[in-house]
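Let the hints inform the model, and build the full structure from the sequences given.
Numbering-wise (our numbering), the sequence shown opens with residue 38 and increments by one.
Keep in mind that the hints were calculated from the coordinates and are not lab data. All C-beta atoms in this analysis are idealised placements derived from N, C-alpha and C, irrespective of residue type, glycine included. Do not take every clue at face value.
The calculated lysine-lysine pairs, modelled on DSS-like cross-linking and capped at a C-alpha distance of 25 Å, are [what the hints assert, rightly or not]:
id, residue 1, residue 2
1, K76, K221
2, K165, K133
3, K366, K377
Simulated restraints on C-beta separations [claimed, not checked]:
id, residue 1, residue 2, range
4, R267, N202, 48 to 54 Å
5, G73, Y277, 25 to 31 Å
6, N74, S50, 38 to 44 Å
7, K146, N51, 47 to 53 Å
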Amino acid sequence: MSYLISHNNNSFSNSFEISGSKSESNRLLILNSIYGNLKIDNLSNSDDTVILDKYLTSLENQIDVHHAGTAMRFLTALLSIKTNKQFVITGSNRMKERPIKILVDALNKLGANISYCDKNGYPPLMIKGQEIVGGEISLSSQISSQYISALMLIAPILKKGLLINLEGQITSKPYLEMTLAILKKIGINCCFKNNIISIESCSIINSSSISIESDWSSLSYFYSIVALSRSAKLNIGTFYKSSIQGDIRLSEIYTKLGVETKFIESSSRISLKKINDFNKPDHIDLDLTENPDIAQTIAVTCFGLGISCDLFGLHTLKIKETDRLEALKTELSKLGAIVKITNNSFHLSSSFSINTDVSIETYNDHRMAMAFAPLALKTPLTINNPEVVTKSYKDFWKDLKSLDFNISQL
38 MSYLISHNNN
48 SFSNSFEISG
58 SKSESNRLLI
68 LNSIYGNLKI
78 DNLSNSDDTV
88 ILDKYLTSLE
98 NQIDVHHAGT
108 AMRFLTALLS
118 IKTNKQFVIT
128 GSNRMKERPI
138 KILVDALNKL
148 GANISYCDKN
158 GYPPLMIKGQ
168 EIVGGEISLS
178 SQISSQYISA
188 LMLIAPILKK
198 GLLINLEGQI
208 TSKPYLEMTL
218 AILKKIGINC
228 CFKNNIISIE
238 SCSIINSSSI
248 SIESDWSSLS
258 YFYSIVALSR
268 SAKLNIGTFY
278 KSSIQGDIRL
288 SEIYTKLGVE
298 TKFIESSSRI
308 SLKKINDFNK
318 PDHIDLDLTE
328 NPDIAQTIAV
338 TCFGLGISCD
348 LFGLHTLKIK
358 ETDRLEALKT
368 ELSKLGAIVK
378 ITNNSFHLSS
388 SFSINTDVSI
398 ETYNDHRMAM
408 AFAPLALKTP
418 LTINNPEVVT
428 KSYKDFWKDL
438 KSLDFNISQL
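Set out below in structure tokens:
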């Protein structure tokens, strides 16, 4: 299936809600499965969260997470401490190509019993749950933050807690800080200082009610829409100026791309408005080591505005749902962009025209579909396999229709 998307790019405005943060939701679900007394409001309705919730509820012996990378990593850690139980965890063909050796090695070093069913270093995994007492572990910082967060989430239930030494520059640090903030919120003693994460053992927590903030990564596509519009104003909930999500950095980045951000604290909402008489820069240069998930959105926005950009710190994009750097290069080149990539960076030359009648492949990657959709404000686009967006944002196409996007199924 494909969608043909277009927009007349006249002035538009609207108010709507975005579902709870996928990242916060998945962390809280793991902790609730351990402690059992958390009341969670505004849980994400994304496929990733639904899949994780399903298997945490049933704890089946055979688990298939499909494309849900977070579920694969978080469940691998959690299942390893389910004493006297045995699990096989697998996923889609792409999931079987995504490395997990660093996490498995760390867990086995702590006393877990995890082995590979097929290819060494990759799912599917055989997990024989047993008691892990915790202690100290060292890991390279140049890895997906989800490996480290997976260890952090089970750390409080280990008898000795956990001390994690991170070696080198940390990738996606805000996601580790998010995990830490959530642990603190439910009463776990923990700290993160000088590349050392320390989490104390805690067998019981007080009953807590936690409301999850809406998802900043999902909000990124509306920053792009406002930036590419002639005139737009959106009012979206629920977002906080004191967010624990690292992608709040969007508010700073998109100021450079013509979007004004205002927090409406009385209603926990955010207002995004196109800046009148915006002085467009010729070039932007960003280190996205801490925010790799918004790289595709920023790259497409810059292309649509005719701004060149150099984006760095993107090494983790090569092991996502697809090789996102290669996918970006391929699809933007179809539209007329001049792109160069390395193993950890993206470089776009400024463009003065956009090719028409282009069909965008999504590579089973939700962020490819959503990052390219805003370009329909500049030229009609075909998006192939559009329903891939449900991985993180079920209502994406519905919300675009509410902003006067014309979307027809081909």
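Status of the hints after comparison with the structure:
{"no.": "1", "hint": "K76 / K221", "in the structure": "holds, 16 Å"}
{"no.": "2", "hint": "K165 / K133", "in the structure": "holds, 20 Å"}
{"no.": "3", "hint": "K366 / K377", "in the structure": "holds, 7 Å"}
{"no.": "4", "hint": "R267 / N202: 48 to 54 Å", "in the structure": "holds, 52 Å"}
{"no.": "5", "hint": "G73 / Y277: 25 to 31 Å", "in the structure": "holds, 27 Å"}
{"no.": "6", "hint": "N74 / S50: 38 to 44 Å", "in the structure": "holds, 42 Å"}
{"no.": "7", "hint": "K146 / N51: 47 to 53 Å", "in the structure": "holds, 51 Å"}
Going through the hint list in order, the structure satisfies each hint without exception.
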